[in-house]
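Enquirer: Chain residues, written in single-letter form:
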Amino acid sequence: MRWYEHLLNLDRRVLYALIFIAVLIPSLLPIGLPINISPEVENVFGRIDALEAGEIVLFPLEYDPSTAAELEPMAMAMLRHAFQKDLRVLACCLSPTGVTLVEDEIARVAAEYDREYGVDYVYLGYQPYPAIVIMTMGENFRTPFPLDYYGTALDDLPMMHGVRNYDDVALVFTVNATSGIDFWIIYGQGRYKFPLGLGSAAVMATNYYQYVQSGQLFGIISGLRGAAEYEILIDTEDPVAGRGMDVQSIAHALIVLFIVMGNITYFVDRRRRQQQEA
Amino acid sequence: MKRELPRMITLVTGVFLALQYYVPHRSSAHMYETLMDWLIVVGIFAILLGIAGLVRQHLTKIQSRRENWPYSVALLTGLFGMVILGFWGQGLGSPFVTAYFTLLNPVQATMFAMLAFYIASAAYRAFRARTLLATILLLSAVLVMLGRVPLGEIVWPPFSLGSLEIPGIAQISDWLINVPNLAAKRAIYVGLGLGGSATALKVVLGIEAPHLRG
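Protein sequences, first through last, are from chains A and B. Residue numbers for the first sequence follow our numbering, so the first one is 42 and each next one is one higher. Residue numbers for the second sequence follow our numbering, so the first one is 72 and each next one is one higher.
Isolated chain B (complex conformation) (with noise of 0.2 Å):
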């Protein structure tokens, strides 16, 4: 009984959410609607178990002095930290959004400011032209990167060579963008959606039950 009725209920709301989707009607809309209220509760105690989890595994880190164990402190004091300065109300000119903007907002643009740096070390370092495939990657990089700044449109505008008209980089790079990325991205995405059906019918159907795992 114990793995038989939470795999009942996921079959009975599996099919349920299917059907729903084609019936227009008012009732079958408000049941979807009380549904949707219900995933809201479900998920904030989803996130309370969350927090609870987190912060056990963290005391116990510092509690057990294991390697690391000062930014365990960091994360707690940040967690509980910002909680408390939210007491204060959260509008503009608030502790909690002065917090906010002296601290998150230049540690997380700093962090991503970083990786031009590491880009320009790797493209020096590690952006080789080894094999075919390689270099038609790098070719491709390269058009694309000036081709969607100013400066590249400016360097190699569309131009005509007799009857020819050559297309310009920014042109190039719409191109490699709309066919070949596109046309690889299409056959990725059908791919997942396919995958992502079967598992989704396998788990309504009851082949598949990861949710009733550990």
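Pulled out of the complex, with its shape left as it was, chain A reads as follows (with noise of 0.2 Å):
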């Protein structure tokens, strides 16, 4: 057998182990590769780094478990950059499964910043159907969410005295991994007219870049990579994205490579059949 065919009969399991190797090698020993601030990034930090102390920012945390190694890092870095600012936080999940993944971020950031829940930060949870709740959030928040998460009469919460709809924060942010961004777009932004940003995982944020063009969006921060920009720009201790991006470097090179490898074998293999059949 000749070495192409080999290669062209390669065992996917052998791919498996590379990429597991890949992965697991940065992760153990962070290579701490340099990144460079994008000027998308450095927009949205610019945008709520000009808030004032004491503004409400309501953040939209929407996602899961299959999505937090992306998305929880950003969440996270745009949290504490909120309390570093002493804004102060609305935050929901209009996501099922990410509710409570969402409640234990909120929690462990307003912690390290000994934030006070109903004064410095309220958490709504959740409601099914996303764009009635978007909707009726633009005429009230007590509409879909008379009760905060723990059950508490928005009411009852010192932070939501006169707190009544969108007009009442400074702007909007959502941390995505839902179609409810289309909805947050269509139905939030579209009708209520509230600055809106956008933090989402790379594969999707592709789909999102012509709103921050038609000025629907004021910026969008994409996966990982985006969230490790921020961890910068507000100086985080831990940098978790930080690091996941060594392991994204490498994984991406790996995956070039097979790609590479793959169509060197292929061509190889195909001018081998073209000569035996002339």
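Warning: the hint list may mix true and false statements.
[Stated by the list, open to error] Computed footprint of chain B on chain A; a stretch qualifies when at least three of its residues, placed anywhere within it, have a C-beta under 8 Å from a C-beta of chain B: (1) 220-231; (2) 235-249.
[What the hints assert, rightly or not] Far from chain A, by Cβ distances over 10 Å, these chain B residues were calculated: (3) V83; (4) N176; (5) V220.
Derived by calculation from the structure, the hints in this document are not laboratory data. Backbone N, C-alpha and C fix where the C-beta goes; we use that ideal spot for every residue, glycine too.
With the hints as a guide, bring the two chains together.
Expert: Okay, here's the thing in structure tokens:
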């Protein structure tokens, strides 16, 4: 058997093992590759950094464990920035399997900055039918969420006094890996005209850049790379996404190598077949 | 009457909601708010119907021992198990949250993580430059994959060839995302928007009534 025939018939378990090693080694031994800040992430950072202390930011954090590896570091970085700036955080999760995950993240970041629930931040939790929830929040947050996640009436929470709808929040930034992104753009920003930013999984982000150009989104943070850049901008002590970029770099390089190797063997084999036929 | 009444309700509601968008009056906003309340109530009944349908379908499957019936047992156990655990609260540390973090969380994360292995295998076996279009797609994918990670920027930074400025791989990746990608997306989205509007108009005017079928 010739060399390219070996490669053409390579056991897929070899590929699995190589990708496993490519992920494992930089996870255990971080390389610390330098990360440049992109203008799009800098724009989002600048927009939030320009808010005054005490202003309210609405964070719809809508993802679940499947995309948490990419979006949890992003959400944590955004929350840390908000608390560093003494902004008040209103959060919700319109993804049913992410509600608990998001609750845990908010509680952890709030504890880091010694923030008090009900005064500095409020978690609304989940309600079904994101499109309806987004539309009704435009009239009054109390319509879809008469109670917060812990069962307290919104009017009993000091932070929510005088906070009725999107008019009372400085901006909305959704970290999202669901079809809810479209709902926020169409039913939320389209109707109620609030400033909307988006953080999404890298694979989804390419679907939404046209909304940045049209002004419907003030910025996009894309995937783990965007989260890593945001971590640098807020000077995070424990850059989870930054370490993840080492892993992603090696994994992407290996996949490109697989593509190149696969094509070389394909072309060599094709030429041999053509020669045999001739 | 059985068909005319729902069509009439659809027409009146559709026309009202379309006009309401352009009427910035308090009474208009109040009616819109009331309709949103109704929407939530109708939505809740739809969820109940959905759960009832799901349970009935899987109970029938279990009773008749149809193919893969044990999966139905797993589904119903998960559904009712989580509901029962929810009675002991849903705050951090509760049985519900413990079940979430020890069962659902690792299962979902594992399922998604396995994609990396499939992508690696597909990249090696299926991603071939067989035609011109496939080659363009392949090159774009390689440039974007490397352009979005720090390693790519180190390997291929911007450089000069005499007076010629050659962009780095990150700039090329950004151009691919922001120019050809967006041009195609815009065309698709404009088409979708026009198609959606036409369909909505047909439903409101009763020309099409998919909600009356079945």
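Enquirer: Can you list which hints this structure breaks, lowest number first?
Expert: Checked against the structure, the hints that fail are numbers 1, 4 and 5, while the rest are satisfied.
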